[in-house]
Every structure is written in structure tokens, then in C-alpha cells.
Amino acid sequence: MISRRHLLSLSAAGLLLPRHVRAAPPASSDHKFLIIFCAGGWDPTFVFAPTFGNDRIDVDPGNQPGSVNGIDYVDADERPEVRTFLQTYGDRTCFVNGFEVRSVTHERCRRILMTGGSQAVADDWGAIVGGSSTGLLLPHLVLSGPAYSSAYTNSVVRLGSGGQLGDLVDGRCLSDASDVPLVGLSDPANALVDARVRARAAARLGTAGRGREAKLLDDYLTSLDQTASLASLVGELDLSFTNTSGTDFLLVRDRVKPALTCFERGYARSAIVQHDGVYDTQWDSHSFLAAQNDHFELLFQDLNAIMADMDGRVGTTGARLSDEVTIVVVSEMGRTPQLNATGGKDHWTYTSAMFIGGRTRGGQVVGGYDDDFVGRPADLASGDVSDTGTPLTSAHVGATLLAMADLDPLEFGTTPAIDAVIA
Amino acid sequence: MIWLYACAAEPESASGTTHTFEGRAWTPTSELDAGLVALDGPRLARRSSIDLRGILPTEAELDEAEASPTAVDSLQQAWLEDPHFEEELVGRLGERWLTEVDEYLIQYLEFPAMEGDTRNEYAWERSVGQEPLRLMARIIATDRDYSLVVTSDYTMADEYIGQTWPVDYPSDGTGWQEVRYTDGRPAAGVLATNGLWWRYYTTFTNYNRGRAAALARLLLCVDYLARPVSFSVVASLDDADVIAEALKTNPYCAGCHSSLDPLASSLFGFWVPQEYSAVEMAAYHPEREPLGSDLMGVESAWFGTPVRGLAELGATVAADPRFSRCAAQSAAELYWGRAATVDDFDRIEALRAGFETQGRSFRSMIGAVVAGPVYRAGGITDAASVDQEAGENTTRLLNLRQYAGILHDLTGFEWTYAGFDQLDNDTYGYRVLGGSVDGDYVTTPLRTPSLSWAEVFRRVAEAASVEVVDRDFTTSGERTLFGDVDLDTPSADPRWRAEAERLRWRLLARRPTSAEVDEDAELFDLVAAADDAPAAWAALLASWLRDPDFVSY
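Protein sequences, first through last, are from chains Z and H. Add 164 to a position in the first sequence, counting from 1, and you land on the number used in my numbering. Add 462 to a position in the second sequence, counting from 1, and you land on the number used in my numbering.
Possibly wrong hints are sitting among the right ones.
[Stated by the list, open to error] Over the 12 angstroms line for every Cβ pair with chain Z, so calculated as not near, a few chain H residues:
#1 V499
#2 I517
#3 G635
#4 P648
#5 G759
#6 T819
#7 L908
#8 D982
#9 A998
#10 V1013
[Said to hold, decoys possible] Covered by chain Z, according to a simulated footprint, are these stretches of chain H (three or more residues, beta-carbon under 8 angstroms):
#11 518 to 532
#12 715 to 726
#13 740 to 750
#14 770 to 784
#15 884 to 897
#16 951 to 958
It is worth saying that the hints were derived from the structure and are not from the lab. Beta carbons: idealized from backbone N, C-alpha and C, even for Gly.
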């Protein structure tokens, strides 16, 4: 009888399942999530929300209607990557249009988008998914971008903006990230110290009184176990970022690779990465709105590359990794329908999101905007705009993600999922 | 949370009991206090020293705390006047004011004095962010009237700020000193600092509203952004005139904007048409003060009280009763390590009352906080409420800022790269990985261990241990940490055991059992056999620096 490991290796070598044939949908507990956060507030009129012939909404002059794979979108000659993406992956993509974030400040919108509310103490969707999973070494990876955690803090693993965690794990930090090379202990010595520290923490836990001490010690033991596990993977699991751009600019398609590897090997279940667009102002185009062209072009170039990358990887169930992963692309706010005095657009509480890949009912647009670019209510089951539908909020987006992870959104809040998005 | 303030002069607690504030004495009378178990003397001394000075207590101080139940009271009082107190305050205030970010809209290279040396980047960025923190820390540490935080005519600057901003810093000066701006800005304490407004910048079109919201949160503990917002109540969100009218007349909008906009209007001396201009952002623009009323259509006011720009704003803030209540709440939260709840109303009101009667001495108020049962709690009794058991901060976790400070004091250890303090930045270093805040995305210190925190502490402990062993045992001169042992002193030697006991006491504030020292000896011998004596000493020290009793307090 062929072993599962042998089966996977054959599959990875392309000797079993042809890549264009999808495996059966993975079990829900194997389903993973990659959240791409576009920082600053994108303008949905550049891709997600076709608005033509409405003089109350200013759009880029290069915009033209597009439709492919069941998705009506905004096409433009300046954004060929968008067209390519939807031609290739549109059947696995769902736009969610017109949900409200209920704020217009970056800081608060980020928190509301990622947690569903503005409370200072909350876990974001990725932390909940990662923290609700068991047996994972790196449940929720923060490659970059916002990360809010409270109850699930010990499930959140920060890699550092420059991949610093990888250097810490293998010890290169002492030599490569220091003006004067620091000297460490030998591996055997470190292992002995690790064991001693763990033993002390376990002993203290046995005598801990009531209060936070027991929780802190328990989390300390968990973190020590995780560091030991990571140490054993040195040389096998590379958590560093490899820049293939040829510039100092680390592309998102490169930054996510450690997460994809962790998804592949069953080490992680969720990850978040921040997409800064092309310019220093990120997506926050208070002036020079045309910058959104470049931002979206790069974003979809990255998405094309990431999907191709995942199509070529095998996940934990033997299926294509792209079938096991849902990519959720969000931004903390939208932009006003009309230009301001400096040729840009200001903050707008209504915005859009994308679900791509596994467990996504693709080839559709859920929700919409009215002629004032205000979000329209939508039927949660069908996704159609309806005056009797539900006004969508960022909590609905998060609830949908949780439902895709086979979690009950109502255990974590009061907002149901948009069932129309879920395959 | 939204902290609701009653306006009563003498509050009564729900339980019918009150807390008293007499200087620093604290009489626990509440049922809630009965749910708390106090730390023992040495561990309390350790906690107090870390929180007040950022360093560990000496062995003598620990001995004192062990010998007498009231010794910690006098130790705390002394530490409030210790030179380290001000420095520790800078970092602690930074965890609330969030000004120490890694990047501002203006970069260091925009200033000719900073060009030519990339190693200026980190130092300059930290100086910018620390300006308002240093001012507050100086006022608090020197026991001045806390109102000066918003009314002083001076600020703090070091040589980096001195070379880039319009302040009267001595041309041959070094280090942080009290200075004055030379561009005609009014006396308004932190409200007149570039450091505060560079962190809380505003766009050309938002007219200082974000700054006003930050002001309210930091000085009044009023968080505009926590209030639910309903945009659907506005008839047309894309019509500027409709929105302007809604801000004034629609109850949903006016609920915030009726006070937010007049406050924002008072800050127009800091408003710039181009927030990426170093020249614009470095200077105050008094000629722009009237623009607030012109552009926003509202006169400058502090919650209904007219103010003539920044000059009157500071004094008006200081006179607001919420200013002192927020001072009390923030003092409590800074040292409790948790947010205040409604159950803390009586405690905080007592702090506020004492603060007012003692000439607005924030330092004295800190003294009262650390003398109180919430701060001193090390455990929970059966009488504890559910909320207490879940939320009371009876065991705290060191974050990287604290760990670095303690290790530097103990061993002199520093870790720099390209001019950056690797334990205090996220560009190249490990600040948020190690549980500290970055002022932007991470706004609260880590409260419980995580994988990345454990990895950072592992490597820092390792590197610091190897370095101090090398220096103490191989370099002639005064030792920084180790005492009467040599590199080749075996674990069976009584001197070795005495040193282990001494260092455990110094580092962990717990007298070790014989079995624990035996375990230390076993570790020492194993590493010595695998490597050598220096590695054995370093491994032993690293194990203590990662001990749960070291990394928690």
C-alpha cells in the first residue's frame, strides 16, 4: 500500500494528478488563509466597481468596462495585470462591494476592518483562525501589516519586517545584524539551557497560584516548545525573505513565500502581509489619484505570481495549495467618489474586498454601490443587491472568513457570514 | 473603553467604602482588595525597581526588603527620586503616547546637519519621538506642577534636535537639556512640541482633526474614535457643503464634531499645506492661527470654552477637571499594566483628589499607585471577583525595552547595527518581536509570551551572557556582574555555590533552594564537559536570564 508521504511526493513531482485537475476540496481544518492588506485605502473605482456615465463619481480617464469569467470589472490599458488575473483566476474570484467600515481614520479603520470593532482588546480574523487550530507550529504568521491579538497572542508569530525571526532562529542575527559580531553559545549548550529553562517553567507552573501567573507560565512553555520545534527545522524551513525584484523593494510575492511554505507543510493556517503599493504614500492617494493605477497593477501582478506559485505547490491534503488557501485582499477604507482640490480623493467609509481561491464561489460580484458610491444592502445568501437586504460591514467580511475556516462567526461576534461568497 | 466621569466632588463607591489617600499611605478597605494577595517583599522590590527605575534592585536593597515588611515603602520613595526614574519614565510614557515610531513624514536626510552619516538615522528618529516624552518625564521626575505638561514655555532637546529644529540648544551641547523654541510659538508644553505633532500629523484637508482626537485621548482619556459612527445619516456624503452642515447640525455628526472641530481650529499654528516639507513642519506658523475659523467655520474652543489659539489652549486644558482625572487614570494604568475599569473608579478618584491637594504632583501620585494593593498584587484569593481573576495583572511580562534596560545596567550589554539599537527598532531589529510597542501598528506591550518574544529573549540572553563572562573573567578591571569566583572554579567549590546563590538572589529576588542550586551545578557541569568553562558560566547565566522568575515580575 502506498504511504501518504509517498503519495504526496509523487503528487508533488507531478506524477499523479495533472495540475489542471483539481483535487477534492480539502477538509475544512486544512483550509488556510492569506490576508493581503493594502495599506492606505484603495479606490474601488479602479477595479471593483464599474461606474460609468455618472458625473457624481470621478473615475480615472483610462477606465473602460470589462467582463470576464462572470465578473464585471473596471478594465484599463494601464492595468493589463488585472485583466490577466481575472482571465486566469476570475472563476475563483469573488468581489465584495459596498461594505462599510464605519470610520474614516486609518488607525481606527484598520482595527475595525481586521477585528470587526474598535475595541482596544480584540483578536483579528487571522489570529482567531490560527488560534482556533490545534497542533500548528506557527498558527498565524504576521509577515507585515496590522496584527491585533488578545486571547490568541501565543498563536501569532511575527516574522519581522525584514524577516528578523529567521535570523533569530538560526542565530545569524548575532553575526549578520550586529556592528560588532556577537558570540553565542554552541548548539549543545543552547539545548541544555533550553531544557533547563523549560524544566523551571514547568516546575513553577506546578506551584503557580491563582491569577495571571499560571496563564503566563503556560504560554511561556508553549513558546519554548515552539522555539525548540523551530530550531529543529533550521536548514529545512527558511523563514527569510528572498528579494527577486532586483531592487531594494521587496515584492509581496516574495514576502509571502515563507507563509506559502508553512501552509504547504502544515505549520501555519493563516498569514497576513501588507501591500504598500508603489509609492511612499501607499494607497492613500489624497493627491495624484492616478497612482492607484500603479498600485493596482503591482497588486495584481503580485496576485498572478502568488496564484501561479500556489498552483505549483501541493498542500497538506495532496490538493493544489491554491485550492487549500483563500486569499482575502482588503484595504482599510475606500476613497471619496469625487476628486478633492489637489487631484486626489479623500477617505471614504465604503470599500471593497476580494476573496480568491479555495472555498470561494468565484466568477461573481457580491454587493454594490449606489449612484453616490454608498454601499447598497445585499442579500447574504445570494449576494445580490437588494433594498431589503443587509447593509454590509467589515464584520461581514471577517465573519465570512471565519465561516470558511469552519468556525461559527456568531461565537466570535454578532455578525453572520456572507454565504454567497462561500463555495 | 469609554471612561465615564462623574462630576461629584466626593464620590461614593458602590460598595459604600472609600479608599483614602494620605500622602502615600493607602488603606485597603474595599471588598475588591480582599481578592488580592500581595507580593512578598523582595519580589515587590524587584517589581518596583523595574517599574520605577528600569533596573533591578541591588542585593542590599533586596536584603532590606526581605528583612522588613515596610522596607519597600521607603525603597519606593527613594526610587522616585533616583536619577534612573526620569529615564524609565521616558520609555513608559512612550508606551502610552506612542511617539517613538521608526518613520516620520520627514526624513533625517532633509536636514544638512544630519547628512553624511547614515548612523544618524536612528538617533535622530528617537530624538524626535522622545521630545514630548522627555519634557513630561522631566516635569514629573523633578516634581513640578503637572500642569506644566501643557503650559511650560520650554521643551527638551538633545544635539540631534538642536541641530535640526529652531531651539536654543547650545552649539557645543550634548545630551538632553531644557531649551526653548525660537520661532515664536506660545508656551503650551507638549502641545507646542514638534515631536508630538510629527507623530500625530494631519493632512492638508483634515484640518488637525486627527490631532485634536489624539489630544483628547492622551490628556482627557476621551476617545472620540471609540464612538460608533453612522454615515448613513448624512444625506449626501460626496457634497462638501452638505457634510459641513451635517458636522454642525446632524446630531450623529455633531456629537463629536461640535467639540472636535473647535479644538482642531486652535491648532492651526501647526497646520501646513505640505506635510512632506521639512521647513514647513519644523517651524511654528503663528500667522496661520486664524485660519482655523476661516477654513473650518468654527472658532477655537476647548469643549465650549473659547480659546485664542495655542496660547490659551494649554491653560484651558490644565483647568479642565478631566485633565486631572485623566492624569490619575493614566498614572494608574501605567503602573497597573492594565486598563482601568469601572471597578477602579473609587481608587482613581482618590488618586485624583490627592493629586490636586499635593500641588498636582504626578510623582507623588505614582508613589500612591505603587503603594496600593492593585500594584502590589501577586496573586488572587478565593474572594476575588471573576473580573479580577481574569484581568488583574498579578504577574507581568518583561518586554524587550525593559529587558534591554535591565541587561544594560547589569552587564553593559548593547546590540547595535548600522547605528540602530537592535533592541529598540523594527527596521533591522527586534522591538515588536520582543514584545515592545512600535507606536503605530503595535500600541500595547505584549502581556504574555509568544514565539517571537521567546526567540528574541533567547538570543539576547545568550549574547549578553557570553559577553559579560568574557569581560568579567578575562579582562582585567572591575567586574560588572560576577563576584568571588574564577573561570575554573568548580561547581563543587563552596565559592561556586555561594556565587550561584548570590546571583540568583540578585537576578530573581528569590532565595534558591539547595535543589535549585544543585540543578544549576548540573547544567554548569554538562556545558563545561560539552564545551568549556566560559561556556558553562555563560550558559548558567543565560538560564537565569531566561528563567520565568526573571522574565516575569
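Hint by hint, here is what the structure shows:
In this structure V499 (chain H) is not separated from chain Z by more than 12 angstroms, as the shortest Cβ-Cβ distance comes to only about 7 angstroms. Every beta carbon of chain Z lies more than 12 angstroms from that of I517 (chain H), the smallest distance being close to 22 angstroms; the non-interface claim holds. Here G635 (chain H) stays apart from chain Z, with its beta-carbon at least about 26 angstroms from theirs, past the 12 angstroms limit. The claim that P648 (chain H) is not at the interface with chain Z holds, since no C-beta of that chain comes within 12 angstroms of its own (minimum 27 angstroms).
No beta-carbon of chain Z comes within 12 angstroms of the beta-carbon of G759 (chain H); the shortest separation is about 17 angstroms. Listed as a non-interface residue, T819 (chain H) keeps its Cβ farther than 12 angstroms from every Cβ of chain Z; the least gap is roughly 31 angstroms. Non-interface status of L908 (chain H) relative to chain Z is broken: a Cβ of that chain comes within 12 angstroms, the nearest being about 7 angstroms off. Listed as outside the interface, D982 (chain H) is inconsistent with that label: its C-beta sits roughly 8 angstroms from the nearest C-beta of chain Z, within the 12 angstroms cut-off.
Under the 12 angstroms C-beta cut-off, the non-interface status given to A998 (chain H) relative to chain Z is violated; the minimum distance is some 8 angstroms. With a closest Cβ-Cβ approach of about 8 angstroms to chain Z, V1013 (chain H) is found to fall inside the 12 angstroms limit, against its non-interface label. Proximity of the stretch 518 to 532 of chain H to chain Z, defined as three or more residues with a beta carbon under 8 angstroms from a beta carbon of that chain, is not established by the 0 residues found. Residues of the stretch 715 to 726 of chain H lying with their CB closer than 8 angstroms to a CB of chain Z number 0, which falls below the three-residue condition for coverage.
For the stretch 740 to 750 of chain H, the proposed coverage by chain Z is not satisfied: 0 residues have a C-beta within less than 8 angstroms of a C-beta in that chain, short of the threshold of three. Counting residues of the stretch 770 to 784 of chain H whose CB falls under 8 angstroms from any CB of chain Z gives 0; the rule of at least 3 is not met. Taking a C-beta to C-beta cut-off of 8 angstroms, the stretch 884 to 897 of chain H contributes 8 residues in contact with chain Z, enough for the three needed, and the coverage statement holds. Residues of the stretch 951 to 958 of chain H with a Cβ under 8 angstroms from some Cβ of chain Z number 0, which does not satisfy the need for three, so the listed coverage is violated.
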